[in-house]
Amino acid sequence: MNSKTDYPTRASLLLGFLKGSKLIFFISMCFAAMCAALDLFMPKIIAFTVDSILIGSSYEIPAILDKLIAFAGGIAYIRDHMYLIAILICVVALLRMLTSYLFKFLNSVSEERLVCRARDTLYAHIIRLPMSWHNANRTGDIIQRCTSDLDTLRNFLAEQVTNLVRTVILITLAIIFMLRVNVTLTLVALALLPIIVGYSLYFHVKIGASFEHVDEMEGRLSAMVQENLTGVRVVRAFGREAYEREHFCDYNEKYMNTWIGLMKLLSSFWATGDFTGGFQALLIVVIGAVLCVKGNISAGEYIEFISYNAMLTWPVRALGRVVADMSKAGISIDRIRYIMNSPEESDDPGAQTPPMNKDIVFEHVSFRYEESDVLNDVSFTIQPGETVGILGGTGSGKSTLMHLLDRLYEPDKDGGRITIGGIDIRKIDRAWLRRNIGIVLQEPYLFSGTIAENIAITRDEVNMEEVRAAARIAALDETVSKFNKGYDTYVGERGVTLSGGQKQRTAIAQMIMKDAPIMIFDDSLSAVDSQTDAMIRSELASLSSDTTKIIISHRISTLMHADHIIVMDHGNLVQQGTHEELSEVSGLYRKIYELQQ
Amino acid sequence: MNSSNNEQTKKHTRWYGIPLIAGYLKVYRRRMIFMIALGALSSALDSLYPLFNKYVINHNVGEMTLDTLPIVTVLYLAILLFHSFENYFTCLLCSKLELNVNRDFRNATFNHLQTLSFSYFNQNNVGYVHARVMSDSGKIGELVSWRMMDFVWNSAYIISVIVVMFLTNFRLGLMIFLLFPVAVVVTWLFQHKLVPLNRKVRELNSTITGDFNEGITGAGSVKALNAEAHMEDAFKKDTFSMKRASINTAHHAALYSATVTLLSSVALAIVLWKGGNLTLQGVMLIGTLSVFMSYAMGIIEPIQSIINTLTSLVTIQVNIERITTLLNTESDVADTPEVIEKYGDAFEPRYENWEELKGDIEFDDVTFRYPDGGEDEYVLEHFNLKIPHGMNVAIVGETGAGKSTLVNLVCRFFEPTQGRLLIDGRDARERSQLWLHHHIGYVLQTPHLFTGTIRENLCYGKPDATDDEIWEALALVSADDIVRRTEEGLDLEVGEGGGKLSTGERQLISFARAIIADPRILVLDEATSSIDTITEKRIQDAIKTVTEGRTSFVIAHRLSTITDADIILAVKDGRIVEQGTHTELMDKKGYYYELVKQQNAEY
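From first to last, the protein sequence lines are chains A and B.
Counted the way my numbering counts, the first sequence spans residues 292 to 888.
Counted the way my numbering counts, the second sequence spans residues 38 to 640.
Just so you know, not all the hints are guaranteed correct.
Cβ-Cβ distance ranges computed for the label pairs, FRET-style [unchecked claim]:
1. Ser513/A to Phe122/B: 33 to 39 Å
2. Glu240/B to Ile355/A: 51 to 57 Å
3. Tyr660/A to Leu347/B: 55 to 61 Å
4. Asp506/A to Lys237/B: 24 to 30 Å
5. Leu350/B to Phe362/A: 51 to 57 Å
6. Val505/A to Asp461/B: 47 to 53 Å
7. Thr540/B to Gly713/A: 35 to 41 Å
8. Val382/A to Lys237/B: 35 to 41 Å
With a Cα cut of at most 25 Å, we get these calculated BS3-like pairs of lysine-lysine [as the list claims (entries may be wrong)]:
9. Lys335/A to Lys358/A
10. Lys273/B to Lys310/A
11. Lys313/A to Lys634/B
12. Lys313/A to Lys274/B
13. Lys545/A to Lys133/B
14. Lys176/B to Lys555/A
15. Lys537/B to Lys794/A
16. Lys581/B to Lys423/B
17. Lys581/B to Lys882/A
18. Lys634/B to Lys882/A
19. Lys545/A to Lys63/B
20. Lys310/A to Lys274/B
To give an idea of the chain A side of the interface with chain B (calculated C-beta under 7 Å), a few residues [said to hold, decoys possible]:
21. Ile376
22. Phe396
23. Cys407
24. Leu520
25. Arg536
26. Phe539
27. Tyr542
28. Met547
29. Met554
30. Ser558
31. Phe560
32. Trp561
33. Gly569
34. Val577
Calculated from the structure, these hints are not laboratory results.
Values in this document were obtained by computation on a predicted structure and should not be read as measured data.
Glycine included, every Cβ here is placed at the ideal spot set by N, Cα and C.
Produce the entire structure from the sequences given, and follow the hints as far as they go.
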């Protein structure tokens, strides 16, 4: 698994993603070359027609073609049957159509395969990265790397590399053909090319920074709208609509003016491009005419030359931009590489899958996160089948204990150890561990899908009877039955929004479906009222008695019936015992208990 | 959305909402006409260049003379220079127009949203509304500028080429012209196929982005549920259909562009065949033939481009409709013209006419149902309640019982369906919403802070608050420690949505924010749910202090905190089932008594 994350260079990542589509990509490039060659063949036919057939002077053609013409009936015959030329053009055009289609189609097949492969690899990798990585990286940023950076990479291969190859082939062939017509005229045509490419490259590099700037501004403007919409209650309740308007309009104006500045630059670039292109065409027309009059080239060659030149203008003008964009691709590849090179969660070789309904022991567990102590030397034991309550304020480290148990985070090297049935959890297969620990997180996440699908997410199939049974235990069944679509109600990103309490109860039902011997409720009843809370707890109590239950809360009423209560304060275990024991001695537990009465 | 709302929407989007869009564009009318004229001229000039070639080939090359070449060069250069300048101005004008129109529609939609009531925001999710402001507006700007210019450029080019061709050689011109309908049909057929395909690819693309979002924000849940393989399979299904749809689209697109170039070549073949014969007969000169060749090869693309523009209208029409629907949505809580006349609206308040607000509140025979609720789901029916100023009202009940309804009505976030809400003895509708909101302090269960510093957030309700006032409020809610703890103090940036602070800290800051505004009416909507017990205890004392002399509404989870309230309203299944003081309700042994008994049993 670890070897998969090794992408030491940009090329290694590209080649890794290209696996399975390299051959197709290469073939499509061959068709691109054929297509460019056929493009250049067209002016040849025209020149031949004009010179040999229409004017009657002789146009130089290879000997083999001479034979072909003789076979067709000779120049004179063709002159009387001009449709033969038309047929020839149509045949070449059909060939060109075929190669152009194959080039474009195969190119997108290889590119779509690459993108699909890249997406799958990224996704599989990301969901296997440790939680510490997820916390250290912003969601929006990762998504951007997986979407727009991947698009940049795709464009790099599909458009930039392809364009570059095509343009280079076109220019090379055109130069060869042009040189055969006339050297002087070719030099004239080529003289301006480096200037056009250089100017375009310079311009696009220069303007790149400005584009980044307007992108940033757009991001801010977009965030302003987002905040105004999510904070609509605050805006209204404080009567600040006028302020919001003014604030937005001001920034909107600034954003627009920055864009206008950028468009001035772009417009002048386009206009200069038009001018240089036109000027170059003029040079060819005028100097070509002079050469024609002097008898250096024929009329057919003259027309042929003008066609070549026209063919070159656009690709050459675009070349600067292509090269400038290629530098952006490097940055995007690095941004994707950052994700792919972050190591996934992994197991030691020989990880075990022991029975899990055993005693859980925390031995001198310490944990530091981002330079601050979260847990200090915490030790306690949980017997199998026991119900344990953990009480503590915000930031006391109570959730961290459970995250360590589920190996969402790894304890420090010298930070003690956690054992289940005497086996260090670091030696237990991670998937096995998590399969046997059901944990309801403080802020559960619902996935796009129906409520039933969410509850049964750990199962391969949705069995409605089981789903409803789990929902009943979580006091969710009645609520869901009231929805118009019941369990088929679509939730998550693009579905209806459930309230905090409904989400928590769905997550509880989800966990019950897992049927794990160890169940953890991480403050997962905070958003339901105490009546529902009590109902759920009594239902849970009636579940099988050999399940170990760990309940975290800052509500005493939720914990008081536990067999064993652990009190956490600022990363330290300060008290433990039963409710009766703890409420009799003075200490943090009794203080909170009294406050909550 | 209920049926009456739907009808309204339909009425307003007649003609796809184009009349409304046109109204916004009126100011740019002169500019647009000028732009179109410039664009048409530019295209006409474009069609002139091949004529230079024709002249040089026919005259100079054909007659072997250089006599007119200098004049041709100068004339060509002059036109080229003029043309380049003209292009510069057209592009600039066009992009300015686009940017101006984008700005106008962003402002219009954003400003309009500031007037809409909560029922709109309850029915439309943030992402949806956000897209109206940020992306639909851009589509309209693009339509009236670049897409329109494309249309002008291409049609002007086609027209001038047709004119030149017919003038030069009518028969040959006619033959090329016959290819037009073929090009139109081919393009139309392909577009017909490609538009839905492209839509599908876009939809799948946003699905995949959503999947990534889910995998990343839900990473913890995925791990805890051990559902990696399940998620991966689901994701692969989406990327696979994306791959298939994209390749299918690419197949059609590649065939399309290949067919179009084939058509150009067919046009060229016709010119060489028929034109070649004409040249052989001496009717036409070689130069003229070369012009026809240029035109033949260059004319198919503009036709294709025009059809593309026309088909894109189908997509843009949806954007226009969405924007006009938004702009035509009227708030169901609106001030009457008379009220605005006297008190001003939310944007131009007339403070000089504002009366003091004492804080007497009375529900007078109020019946209410939520606009998005069912027809007979009445939350309140003929409800009467007098709340003299300074009174402390507590609202209790189970999760989701509808405890916020009364507060929503008092704040005029919703209007009573029937009956009146009296403030200081007068119907609330007789004064402006801003007047009322100016006097309300609201602390929400899910606190919302804005990007900016702590100070900016604290001063949100009172922009001219002094540092002393700020620190006093912070101390009152025990939040001064949070602020002192950091180096930046009040100037600490809180991040987007206050993300750099914990939920508890955000709650305290938003509490302080409400106190700084010094409101006459204070609403605490489960304002302390995310604060630990010890801090909460301190805040309870603060609440006692700040509610003194103010009309206040406290929505509470924990009943022990509200026993002192002047009146307690118990809410069950969205209805107020009991009201009275703690003692009265305990004596009554009803619903409230049950709730208290139950909580006591637990503690």
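The hints, checked one at a time:
| no. | hint | verdict |
| --- | --- | --- |
| 1 | Ser513/A to Phe122/B: 33 to 39 Å | holds (36 Å) |
| 2 | Glu240/B to Ile355/A: 51 to 57 Å | holds (54 Å) |
| 3 | Tyr660/A to Leu347/B: 55 to 61 Å | holds (59 Å) |
| 4 | Asp506/A to Lys237/B: 24 to 30 Å | holds (28 Å) |
| 5 | Leu350/B to Phe362/A: 51 to 57 Å | holds (53 Å) |
| 6 | Val505/A to Asp461/B: 47 to 53 Å | holds (50 Å) |
| 7 | Thr540/B to Gly713/A: 35 to 41 Å | holds (39 Å) |
| 8 | Val382/A to Lys237/B: 35 to 41 Å | holds (36 Å) |
| 9 | Lys335/A to Lys358/A | holds (17 Å) |
| 10 | Lys273/B to Lys310/A | holds (17 Å) |
| 11 | Lys313/A to Lys634/B | violated (73 Å) |
| 12 | Lys313/A to Lys274/B | holds (23 Å) |
| 13 | Lys545/A to Lys133/B | holds (14 Å) |
| 14 | Lys176/B to Lys555/A | holds (21 Å) |
| 15 | Lys537/B to Lys794/A | holds (24 Å) |
| 16 | Lys581/B to Lys423/B | holds (21 Å) |
| 17 | Lys581/B to Lys882/A | holds (22 Å) |
| 18 | Lys634/B to Lys882/A | holds (22 Å) |
| 19 | Lys545/A to Lys63/B | holds (23 Å) |
| 20 | Lys310/A to Lys274/B | holds (20 Å) |
| 21 | Ile376 | holds (5 Å) |
| 22 | Phe396 | holds (4 Å) |
| 23 | Cys407 | holds (4 Å) |
| 24 | Leu520 | holds (5 Å) |
| 25 | Arg536 | holds (5 Å) |
| 26 | Phe539 | holds (5 Å) |
| 27 | Tyr542 | violated (10 Å) |
| 28 | Met547 | holds (5 Å) |
| 29 | Met554 | holds (4 Å) |
| 30 | Ser558 | holds (4 Å) |
| 31 | Phe560 | violated (10 Å) |
| 32 | Trp561 | holds (6 Å) |
| 33 | Gly569 | holds (4 Å) |
| 34 | Val577 | holds (5 Å) |
In summary, the structure is inconsistent with hints 11, 27, 31 from the numbered list given earlier, while agreeing with the others.
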